[in-house]
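Protein chains in written order, with the working numbering: chain B, 1 to 658; chain X, 1001 to 1368.
To be clear, the hints were calculated from the coordinates, so they are not data collected in a lab.
Watch out, some of these pointers could steer you wrong.
To be verified - No farther apart than 25 Å at their CA atoms in a straight line, the calculated lysine to any residue pairs in the SDA-like style are these:
{"id": "1", "chain 1": "X", "residue 1": "Lys1364", "chain 2": "B", "residue 2": "Arg15"}
{"id": "2", "chain 1": "B", "residue 1": "Lys188", "chain 2": "B", "residue 2": "Gly419"}
{"id": "3", "chain 1": "X", "residue 1": "Lys1364", "chain 2": "B", "residue 2": "Ile12"}
{"id": "4", "chain 1": "B", "residue 1": "Lys222", "chain 2": "X", "residue 2": "Lys1364"}
{"id": "5", "chain 1": "X", "residue 1": "Lys1364", "chain 2": "B", "residue 2": "Asn19"}
{"id": "6", "chain 1": "B", "residue 1": "Lys507", "chain 2": "B", "residue 2": "Tyr538"}
{"id": "7", "chain 1": "X", "residue 1": "Lys1364", "chain 2": "B", "residue 2": "Gln14"}
{"id": "8", "chain 1": "B", "residue 1": "Lys222", "chain 2": "X", "residue 2": "Thr1249"}
{"id": "9", "chain 1": "B", "residue 1": "Lys222", "chain 2": "X", "residue 2": "Gly1040"}
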Amino acid sequence: MAQRQHLKDHFIEQRIFHNRSIAAIFFTLILFSVLLSRLFFLQINSHEHFTTLSQNNRVSVQAIPPTRGLIYDRNGIILAENLPSYTLQIIPEQAADIDTLLEKLSLLVNLRDIDIKKFKKEVRRKRRFEGIPLRFRLTDEEVAIVSVNLHRLPGVEIKAQLSRFYPYGKETAHVVGYVGRINEKELKRLSVTNYSGTNHTGKLGVEKSYEALLHGQVGYQKVETNVRGRVLRVLERSNPVPGNDLYLNLDINLQKVAIEAFENKRGALVAINPENGQLLAMVSMPDYNANLFVNGIDSKSYKALNTSWERPLFNRTVLGSYPPGSTVKPFFALAGLELNVIQLDHEIFCPGFYRLKGKAHKYRDWKKWGHGKTDITKSIVQSCDVFYYDLAFQMGIDKMHKFMTYFGFGKKSGIDILGERSGLMPSKEWKKRVRNQVWFPGETVIAGIGQGYVLVTPIQLALATATLANGGQHFQPQLVSSIQRKDDLFPRRVSPQVVHNVPILRKENWQEVHHAMTEVIHAARGTARRLNKPDLRYKIAGKTGTAQVFTVAQDATYKEDELEERLKDHALFMSFAPAQNPKIAIAVVLENGGHGASVAAPIAGKVIEAYLSQFSDEQLKSPAKKEAIEKPAKKQHTPISIDPDKTAVILHEKHQHA
Amino acid sequence: MPSQSSSQSLFFRLHIDLTLLMGLMALAAIGQIIFYSASGESMPLMQRQGLRLGVAFVVMLFIAQISPDTMRRWSPVIFIIGTIMLIAVLLLGTRVLGAQRWLDLGLFRFQPSEMMKLAVPMMLAWFLSSGNIPPHNRHLIIAVAILLVPVLLIAKQPDLGTSLLVTSAALFVIFMTGVSWRLIFGFIFAGIAFTIPMWLFLMRDYQRQRVLTMLNPESDPLGSGYHIIQSKIAIGSGGSFGKGWLNGTQSHLEFLPERHTDFIFSVFAEEFGFSGILILLSLYLFVIFRGIYITTQAQGTFARLLGGSIVLTFLIYIFVNIGMVSGILPVVGVPLPLVSYGGTSVVTVMAGFGILMSIHTHRKLLAH
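Chain B with its partners taken away, still in its complex shape:
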């Protein structure tokens, strides 16, 4: 049947096949042309484009973070170091069964539920060949146990990292500060390149202000990777430049003495070398352990620290603003003399109160019945208020403001840690500008005893004391003494910086004030006479102060015992020693401590004693060899005079605009 039809249509069929074969050839040619033109487009026209893409594909750049610089105290005792810390991690790709692995591990090391939970969350997020941390900070024992069993635990590895550690975490928290995980805000500010491998950045204190020096320069390696990002080989490597080591002027042993002297009371102490502005000790109490913050503090501990009424996180040395109280009296006495408002033989009668002409308001003296006849020395030694009410009134607030500014009152000290407060030394202009009010004479009167608007930070008071002690050289306080770069043989010293010199009218005026301050300790009726010990190898100059927190009503008497602890007066003490060749200047503030003489002065006494014990009698008598001190700059002062380095510039700007 089929054969018959076949034969019948043979020629038609032949022709059809012929035509369709020709059509098939055309069809083939068309399809091949399509393919060839497409391939021509990809390989010839877009070749460069795809070559670039293929290069990017296989070579990736990985950051190698630099090692952070170390921080030492003035005697080379390490304050901030990088310790290896061991992290237990698992590479899912190599682990056969994660759950049994976790079970095995939990027998060897302490695994909390939260560790496992966090780990499992990470497993889902990360690529399978990447190590995922399970436990941080293994103890040596745990490291040993896991290491021994490593052959039974495929996929488990112990990774050593460097982690910041502060051996004196509690003692130096407010000065050295700490590093912490980089947060969103910092991420925007920090150089993306330089921090590409770094997880931590300075958050506070020296760690923050010297961040650029401490951090170093990131290194990188160019690696060839496969599609999953696994490194196949390293093509090129540029080593990171480690951060600079810093030597501080701080003496950690002195710092410890000071902290001990505080006996867990709240307050602050700043000790400065008046010969060069170096900061010897900086204490803010209560303190806290900086190490808690390095790898993230848990929210409960943080809340406890942050909400405590004692405010341990608050750095009182640069942030605490206190009324200076009577500690300003030596400065005002000097002001009166140097501005020719009073003379050396100036004397008043103190009836126990002061009254402005035509006004009924009584400004009380702390001594109800008065000091009687009072000269300059007695006014300082016994801390007569009436003398200074009168003197302040005679000088006027603007002269006081101008003179006190020489000593740094109302100005940021320029210390090389960020974020200090500027305190306040009021003037008529200030009140007009800020409060839009006129100045009242009564405000001048109370400013005379360091009350009213006047506010100082402990660093300012210490710095002013240093300036008073050294005869008018106003230094910039410096925490960092020298900077050790990786390639340098020796650390570069940060030279002392004189911001300006106080203009001197008569040397005798200064000597008179120094003498009076010495009498405060060494005279029979001096307010700080308890510091005077018979075996003292040197003389101490100082001035006590009591700053009111609570205003006493006009006719009420002040009963200390009845006041609540927090409303008690702040006790202050400023001091330098030896009185003849000052080697240390100190300011102490004891919050709600009551009288300066009884509580603040002994703390300063202990610090002075500890510091001066390192000097021989000979050294105590003669002034130290003068170091090369930089002349005050005309326009601006650079906080630290290392090489024109980025850091210095950054630091400088921060101070200017902060």
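Starting from the known structure of chain B, arrange chain X on it as the hints suggest.
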């Protein structure tokens, strides 16, 4: 009829078409060379692929011995067995990579859908050659019905690539019967006309999205588009002369997916460049033209229909594979014949060439 030398007549008696054999062997050789690179210079994989090619050539030579007449008589039987096996696969087949294609026959796993690539055109050629040429519409409708049964079964596995190839093999049989151009273009337009309302009214948003991604993979660079983007980078970075054998970075760094199977062409293009591609495509063209020549010389309707279908399906293999790795066609799993790794597909292709050889060498010379 070209005169034949004595050696040619020897091959002729062995039912071997020397010209076709040479072309296929050259292609297989190129395939092995690039396969060595694409497999990551793996000798064991090479040996396995070599063995498969060997088996495929043996199968080809074996099939060449069977006369087209015998094939024609057995066609319905083969088709029915194949269809039953497809049903068996769906019911008790082995699942590999989410698709149910394999039938475990104890000794080896067998992929019935591969067999259908030849069984379906054979069946259609058998059916249509028994009627008028060109066929009546009634016959065409029956032919489409015969085609749809295995195609739907394969599509359900799911194996889009194979069902596409089976469909095109069947359509090429119909094409060779000389159905009018009006019917062919009418069919194409009907297809387009059907697509538009389906797109507008029947498909849901996510389905549209899936189709769009399939048509434009670059819109999803981390998902389905990733493979095609990497493949284009491989091809494009090859340039005029390529990066050199074994030097393809895309493939050796594992950026290319399935680089020794469906995407092996990208490896070739990266390492040998446009000039290498010209050589490879010329070889393919040579084999196709030889196939078309054999078809034009074929005797008997069955042989002509089947021969044309086999050659054009071979063309479709090449076009779809290169089209998809170079980003002009959606990615459907179609291997590059004789070059891609994979056992069954190469055997099927070679079996097809075996049929072509049989067609050519079983001609009765008296007929001319």
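Here is how each hint holds up against the structure:
1. With a C-alpha separation of about 20 Å, the suggested pair Lys1364 (chain X) and Arg15 (chain B) falls inside the 25 Å cut-off, and the hint holds.
2. At most 25 Å may separate the alpha-carbon atoms for a hinted pair to count; Lys188 (chain B) and Gly419 (chain B) meet this at roughly 20 Å.
3. Under the criterion of a C-alpha separation no larger than 25 Å, the hint pairing Lys1364 (chain X) with Ile12 (chain B) is consistent with the structure, at around 20 Å.
4. Between Lys222 (chain B) and Lys1364 (chain X) the CA atoms are separated by roughly 69 Å; this puts the pair beyond 25 Å, and the hint is violated.
5. For the suggested pair Lys1364 (chain X) and Asn19 (chain B), the alpha carbons sit about 23 Å apart, so the restraint of at most 25 Å is met.
6. For a cut-off of 25 Å, the pair hint linking Lys507 (chain B) to Tyr538 (chain B) stands: about 22 Å separates their Cα positions.
7. Pair hint Lys1364 (chain X) plus Gln14 (chain B) holds up; C-alpha atoms about 16 Å apart against a cutoff of 25 Å.
8. At roughly 16 Å between alpha-carbon atoms, Lys222 (chain B) and Thr1249 (chain X) fall within 25 Å of each other, so this suggested pair holds.
9. Only pairs whose Cα atoms come within 25 Å are accepted, and Lys222 (chain B) paired with Gly1040 (chain X) is accepted, the gap being roughly 23 Å.
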